[in-house]
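Colleague: Construct all of the structure, not just a fragment, from the sequences and the given hints.
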Amino acid sequence: MSGGASPYRRHKNPNDDVEIGGTGEGGFEEYEAALDPFDIVSTKSASVHSLRRWRQAALVLNASRRFRYTLDLKKEEEKKQIIAKIRTHAQVIRAAYLFQAAGAQSNGSEKAPPSPIPKGDFSISPDQLASMTRDNDFSALQNYGGVNGLAEKLKTNPDKGIHDDESSILERKNVFGSNTYPRKKGRSFWRFVLDACRDTTLIILMVAAAASLALGIKTEGIKEGWYDGGSIAMAVIIVIVVTAVSDYKQSLQFQNLNEEKQNIHLEVVRGGRRLEISIFDIVVGDVIPLKIGDQVPADGILISGHSLAIDESSMTGESKIVHKDQKAPFLMSGCKVADGYGTMLVTSVGINTEWGLLMASISEDNGEETPLQVRLNGVATFIGIVGLAVAIVVLVVLLIRYFTGNTTNSDDPKFVAGKTSLGDAVDGAIKIFTIAVTIVVVAVPEGLPLAVTLTLAYSMRKMMADKALVRRLSACETMGSATTICSDKTGTLTLNMMTVVEAYICGKKIDPPDNKSELSSGLISLLIEGLAQNTTGSVFLPEGGGNVEVSGSPTEKAILQWGVNLGMNFDAVRSESTIVHAFPFNSEKKRGGVAVKLSNSEVHIHWKGAAEIVLAACTSYMDANDNLVPLDNDKVEYFKKAIETMAAGSLRCVAIAYRTMKGETFPVTEEELEYWKMPEDDLVLLAIVGLKDPCRPNVKDAVELCKKAGVKVRMVTGDNLQTARAIALECGILESNEDAQEPNLIEGKTFRGLSENERLQVADKISVMGRSSPNDKLLLVQALRKNGHVVAVTGDGTNDAPALHEADIGLAMGIQGTEVAKESSDIIILDDNFASVVKVVRWGRSVYANIQKFIQFQLTVNVAALVINVVAAVSSGDVPLNAVQLLWVNLIMDTLGALALATEPPTDHLMDRTPVGRREPLITNIMWRNLLIQAMYQVTVLLVLNFDGKRILNLEHETSKQANKKKNTLIFNAFVFSQIFNEFNARKPDEMNVFKGVTKNRLFMGIVGFTVILQVIIIMFLGKFTTTVRLSWQFWLISIVIGLISWPLAVLGKLIPVAERPFSEYFYNMYKSCTRLWRSQGSSRGNVDGT
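Numbering follows this note's numbering, in which position 347 of the sequence shown is assigned residue number 347; successive positions increment by one, without gaps.
Derived from the structure by calculation, the hints contain no laboratory data. A portion of the hints provided could be inaccurate.
Stated by the list, open to error - In the DSS-like style, the derived pairs of lysine-lysine whose C-alpha atoms are separated by at most 27 Å in a straight line are:
no., residue 1, residue 2
1, Lys950, Lys961
2, Lys677, Lys327
3, Lys692, Lys589
4, Lys516, Lys635
5, Lys557, Lys509
The structure presented is a predicted model; accordingly, all values stated were derived computationally and were not measured.
Modeller: Okay, structure coming up:
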């Protein structure tokens, strides 16, 4: 691989970036989108300017809480500065060492190794090891005896690794440390309490409560005078505590998910056997196989490798590929394998590595906003501005009415100029001010943007059980908008359990494929040599006997197992020859090869790869008598027909070939060998094998479910087009043989050869792409996105990284996926199963649906509470819902409502809809209909009670004060019960049966039950604090009936048809017309000025 930029680093095309104005179609639409700071389609590659802009535009009462789960732009900048400092520090140390080493060489003296201060039974200390790898001190390595000498000091074996016993591993952890680093502790509960206290309105209410408390005690004495101020203070404290508990629990969920993200699993060699362990369990002395796409899990020394190239940009900041060999053997933790393969000896772990120091210095997760969160901040800002305006109107009206003595239906004494004391006047003004501030608390939906985080945290936790690990929050909701899924074949649509079921050797079909009796010993010997040496897998035979353990990728495992069946002794065959050069398997060329030198100095070149590609490079094949037979046209056609037949039977076809070095000059020096190109022509065909990988049993149902949900599934595979066709028909991606025609079925190179416009036209029709390279996948993703699709892509290889990053949602495979692919992805599918991808789509739609339920519920409460208080204030100078009551309603609406509705599990009904458009209005026409009907009903009933309640409730015979208290208590009780019953309606905005599955959601039932019990306690026992009185059973019945009517009303409302065109479009068009008019006037004025 050539140096320069790594092929899998996250690519970002500025032309395609919606945040910085790409090469989109419409200039005017883009300009208008730019006018709205809350219109961010994707936060995946959003510019800092866009992120800062919407924060500044948002109306926020509590910034520390509202922006807690968004990207902390200040911390992100600090994080970059810390990383830069550590990288600079490391480079300065290395430069100083090189300068010192050069000086020592000019003096003819060698640097002595640091004096050993061994710990435990090891003859080398952690400091010596850390110093050697950190400084890339090659002379120190030589002084320790090279790799073998170092392995001896660390009591390990370069081939077999350490002994796999707990006591040995524990001792190594005690001496050299564990592969973890100190993490910054998460926020304590008290930090969340402090954050909740920072709400501007709550601070104002606490100040008002303190003033009211002081005046009350002064005028009425401590026994009676503390109730008004004390009740507001207690209500505020309850709001703070409930908010803090909810936020704290949420943060713990995110903490657990972050830990899961960092828990990489990889292979180590212990006792000669390959084992899969967690990255946290690696110890000094471990031998680790590395292959393309892996992350280097600790600092170490290269034992052996072929074409090994490391991308050290994560540590050095420079996007440069560094080649590793025996002259440059030092490997740094956190770097990625860009090419080749090899094995390493771990020398330093955890905090003793530069990566550990780096990770300990920065907090990993600074949050991340999602497009829905940004849009909801816009909604919250709009509602908040309306609420603020209403609160100001109420404040002004109530103050005017109070100081002019025009208040009615008030229990408090009226203001009479010259007679009312200053204390009473101030107390009256404080109560009015408190009501106005409380209206702001209710009106500004602080919980609305946070509800997204709540539902995402809940969804992410549940998705783990559905075998999906979310790396980026925004992917969770974007998946609900996905219109197409570009899926791999192997391991995703199939089981990834390959076996060799057919073989063509000696120019004929061998049945069964491991029937040695039909093969000559010479051919078997060459075949086994190629299988054992040209592989990244391994075969382990337990010393005490037992079953052979084969490890590697599914393809490698199947071929190695076939070799074992042919009589291959893996270790013995590998010891008979030495690999002198390797060409690692390349997804572009679809083949990989090795050059091996035998004990007699003869060199054999072994190739293995896609059958038709390797066959094209062959000029002869070996028959049953070990004779080389030229490949004539008839024989080539025979083999091609065999490949087509196997591919049509959904088999993966792999060809194995070799050649000897006949008279060509073989490189002598290492330098010549490095630049030597292995011969790829004039090969001898040894075998063509067909590997069977059955379809997953539930994949056809999953594909059908996607089709029903309006999501098109496309297969993009590196396999033969005929194999892809057979699997696509089996999975239901292709309906019939008639569908299996171009352009539905297309080869990667054909698609690649089209012009950009042709690709855009063809892309929508493609169902299967065979023999595709990672670049073909990237081109398809780009074409689909330009056509307006929201694209989800699955990938497992290193070269899939650009496509995974380019897609709207990148889905990496958890089992077969490389670390590079996982890092470029947004979601990791832990079981590599396509059915799990479909579950992610359900969860994505569920997130959106749950937020809409919560919006409908919250806006209904907002509209009803505001209208009731405004109308009452303007008409009578008094409000039926006081400050403490409104704070309780706010708690039901914000925190408890979000918990109840934002955690609804997904239903099958979600998959009966088409995908949610990313620019579709958050508040649909159905939601407008539902909330307006409920709000109008609540406002009408409660205002009628407010103005004519005494007569209707037959309270005219009671004193004015007592009658007002009973009436207002009933209004408050009926209002709360209306919200409780309406919470059920909000569960199913577009379904008649709102009770379907309600008992399965225990959290919803628990919150409703908890709210009812608390309401009963408030009315029956806490009247002093809430300014309420106990109600008779008749009044309780009236309250419940008023709430209950909302159920049949919701059913009747759903019979009213709604327009297809969103209501918001009418307002948007009015806004567009106004801005156009303003712009045209501005330009005409400019022209006049110019003349």
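Colleague: Confirm or reject each hint.
Modeller: Outcome of the hint check:
Note on Lys950 and Lys961: the hinted pairing holds, with a Cα-Cα distance of about 11 Å set against a maximum of 27 Å. Proposed proximity of Lys677 and Lys327 is supported: the alpha carbons are some 21 Å apart, at most 27 Å. Restraint check for Lys692 and Lys589: satisfied, since their Cα atoms lie roughly 22 Å apart, inside the 27 Å limit. Distance hint between Lys516 and Lys635 is fulfilled; the C-alpha atoms sit about 23 Å from each other, no more than 27 Å.
Only pairs whose Cα atoms come within 27 Å are accepted, and Lys557 paired with Lys509 is accepted, the gap being roughly 22 Å.
Violated hints: none; the structure is consistent with every hint.
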